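Asks: Taken in order, these protein sequences are the chains called R and A.
Note that the first sequence ends on residue 651 in the working numbering; no numbers are left out.
Note that the second sequence ends on residue 531 in the working numbering; no numbers are left out.
These aren't lab readings, by the way, just hints derived from the structure by calculation.
Remember, predicted model here, so these are calculated numbers, not experimental data.
Hints are supplied without guarantee of correctness; some may be wrong.
[As the list claims (entries may be wrong)] Straight-line C-alpha distance at most 25 Å; calculated DSS-like pairs for lysine-lysine:
1) R/Lys-363 / A/Lys-323
2) A/Lys-136 / R/Lys-566
3) R/Lys-161 / A/Lys-235
4) R/Lys-187 / R/Lys-135
5) R/Lys-393 / R/Lys-526
6) A/Lys-323 / A/Lys-343
7) A/Lys-343 / A/Lys-283
8) R/Lys-161 / A/Lys-136
9) R/Lys-161 / R/Lys-206
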Amino acid sequence: MPYGDEKHQLIYQGLVDILGKDNVADGPATVRAYARDMFALSTMRRKRPPEFIVLPGDTEDIRQIILLANRYKFPYSVMSTGWMFPMLGAVKPYWCIIDFKRMTRIEFDEKNMYAVVEPYISHAQLNAESIKRGLYNGAPSVGGQFSTLANHSWHGWHATAFRTGFSTRNILGMEWVLPNGWVVRTGSLAQTGTHPFWAEGPGPDLKNLRKGIVSDNGSMGVITRMAIKLYPWPGPKYLPTEGVGPGKKCELPRDKFRWFFFEFADQPSMINAMYEIGKAEISFMMQRYPAQVLAWEYSKSREEYWSLFEPGSWVDHCLNMLAVCLWAHASKKQLDYEEKVLKQIMSETGGKPVPDEVYNRIVPVLANTMTRPAFGPRWCRIGGSMQTSFLQCDTLDHMLSIQPDVWGIVHKYTPPYLEHYGDSAWILPFDFCHFGGSDTAIPHEKSDDVCKGVVKESMDTIALDIRTSRPSFSLSIAPANFVGPNFANFHIPLSRIKRAIDPNNLSNPTRFIDIEMMDKETAAKAAPPPSPAQSKQ
Amino acid sequence: MTTSKPRSLPIDPYWRKYSWDLRKVAWNCARCSTCKWVDTWEIKDARFAKVCPSSSYYLFDAYSCQGRMDLSLALLDGDITYDDDPDILDIMYKCNTCGGCDAACKRVQDMEPLRVMLEMRAKFVQDGQLLPQLMPIIENLRKEDNMVMAKKADRGKWAEGLDVKDATTEKAEVIFHAGCRACFDEDMHKIVRTAVTILKNAGVDIGIMGKDETCCGSRAYYMGWRSEFTKYAENNLQGWTNAGAKTVVAACADGYWGMKRLYPEVGSKFEVLHMVEFLDRLIKEGRIKFTKKVPMRVTYHDPCHLGRRSNVYVPGQPIMGVYEPPRDIIRNIPGVELVEMYRIKEYAWCCGGGGGVIDAYPEFNNFTASQRILEARETGAEAIVTACTWCVRSLTDATRALGDKIKVIDIVELVQQAI
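The shape of chain R in the complex, shown without the other chains:
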């Protein structure tokens, strides 16, 4: 990259003029911290840091950065905790990463049950402040330390999704700066300017531009404030904890939260039970808690993790395990009623309670990590890296039909993938089972050779998803112009929108939609075929 040339110096000075010297960095040692994470793709690209890191303090700072980007034509992407690094890291010269660490404001409207957050408020921070107020926000198992704004806009699969739904549906009013420098306010925020209590507003709802299985990865501009819908919380003001990490326990009061874990003989009967629970409208949390996730979250060390694979391990009870938690929003009578219904459904669908030994291990250590995630990053402790390209959204029934294909690919690439606990995918129902998601996070060692193999697997998975027209994570992280031809050419209208609001193609270019590649392809098609003489040259 042309580090230090005249254009670099102009950009640097421009950024300093906007933000002050303390909030702009271009030193090699500083930008190195924004060059990689644990995913295979970014491991492969680790020697390619951005040229600038900036720390804006508010929406106006971001608007000014974007205007400067358009003046000097430099690309930018946004980062909070940086977990989805492969979709955010630098891929072109003069790349600037907008780091949100100064944007940490949080406000509540308790009566109307929402919070307004800036990008560097984590799920755990929002959760801690919410439960003090008798409210609750959904959070993904991957970790409480991640930006709640980023995760809500991206595609958070929250453990309470059975009730709280797909994360993007909890976004109310939102403020974002378009790549041309305009500030857009959506939902009721557009009407009142101050009250983002409702997601809808007059006219077309622009926020849907940013929605999808995994949103736009910041290719449509920068979200600076978001109102997030909250739900009632019947629990204590602070999570009750016991002991010292890594074996810390957290058990919510059983008069307010009742956990149930049922084993099933097979996946179809488990899915059937999910549907029945949805129809009965009971419980606040439900998911197939996969043995693989349970093993890595439960174990306090690498050695303990591998010991769980020994024959006769208690984790064997969890291969087809349904986790259900009833929340007493109303009363003990409500809990008693829901428990009765749940047990009736289990008797009809074949669910058997796990042995007490298993139950007593899971509840204090693992169950409440679904309420506020604590152990997600442990998946990297198994081999240093993890692959999650087999993530699908569709009906719950469909979750069953995809399993053979998914595990077929996993087995093909094992090794280099590491042994996983059974073919046990995470299956999460959304909105009372209106639809579901399935994910199989597979650990692997973090080395250049293995990472090459993993990237190849990703390409195989994308090809499979294209062939089968499945809406998946893999397809959503591939550029829209790559997969669009198999999905009603959605990339064509999308490219028009992108060109309209990002005329210089600077807002995280190439990821969501690769305009440059589209233009090259168009030019190649339009060009006359080479003459025989040109061909010889």
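Dock chain A against chain R, hints included.
Replies: Then chain A, alone, in the frame of chain R:
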């Protein structure tokens, strides 16, 4: 597990069982950002959710544990050289070595990243890459045997008039090591004088090295000067052996950490206790009795090197430290009400004074301590009690800078009030 598939275990044994490898720890940083935050289950207030002072003050990820892993890796692999960026030393030294990140990483990744940072500092010194701000401190250490820019001749002043054995000439079962901060900082004299008086009155056969006490070497160790550490460790061990001591009691957390964690590598067989452990033992044995009420609402600040840094890491085992003895002491004092801050024990916030920060980056030191004072204020406590003279210094200075009325006291002062 019931599976028909062939097994695919990690090829590198590192992934099957904990082992220490400098580069592998740096390489395998997952960028999960756990190192920047308090244990998520323990977050109680959005304002006090961070565990890393450096990341909280300097903000760029380079100043977090994760960023330091990236930089360490780049240096180890030769992707960056010292000449490439004048900020390299600052990035590695603008860290209190408090171990908040380390506890977090152990909890989820089974790795010890702080060890990487300390090894890198030692490598810097070995490579002749010396942080200019620390050079006068180290020069003074070499000349005057202390880390606080003071004259060796003044070392024994704190004990003038105290009726206590001189362990350089008399045998003593227990040696009280006051440490550089307490010996030369007049504000701390009352703490160590009180400590010695309490122990003596409890019938402990106690002695001090007085003017012949030297630095413990711990601070030099975590600044990267390993040979200075070894020199002082060997010197102290010889002095204690000559005195016929069995036990050494430290007044500050840094000294305690060095003597307990590092001295065994230089051959120490002494029992090492921090003052709070010894006090707790004496109280539980009935040798110290509380006779007065101290009507006061207090909160307790865990010194990092007495808390989460004080024990050897055992994978899968709790990240233990001396958490309960000081709390037991406080709870046992009649009239005292202990109220906890949001961040305590293994996820406590640092006072800011460690890692050479108090010497090299006073503004950062003050920021860190000020954050702790603001947190203590939230509890409604009249006093913040701690158990390290370096913490007392940092927190007292921050209180003055903030114009806050909260008192900062060492636990021995609280104990003295109740006897």
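Asks: Any hints from earlier that this structure breaks? Give me their numbers in increasing order, please.
Replies: 1 and 5
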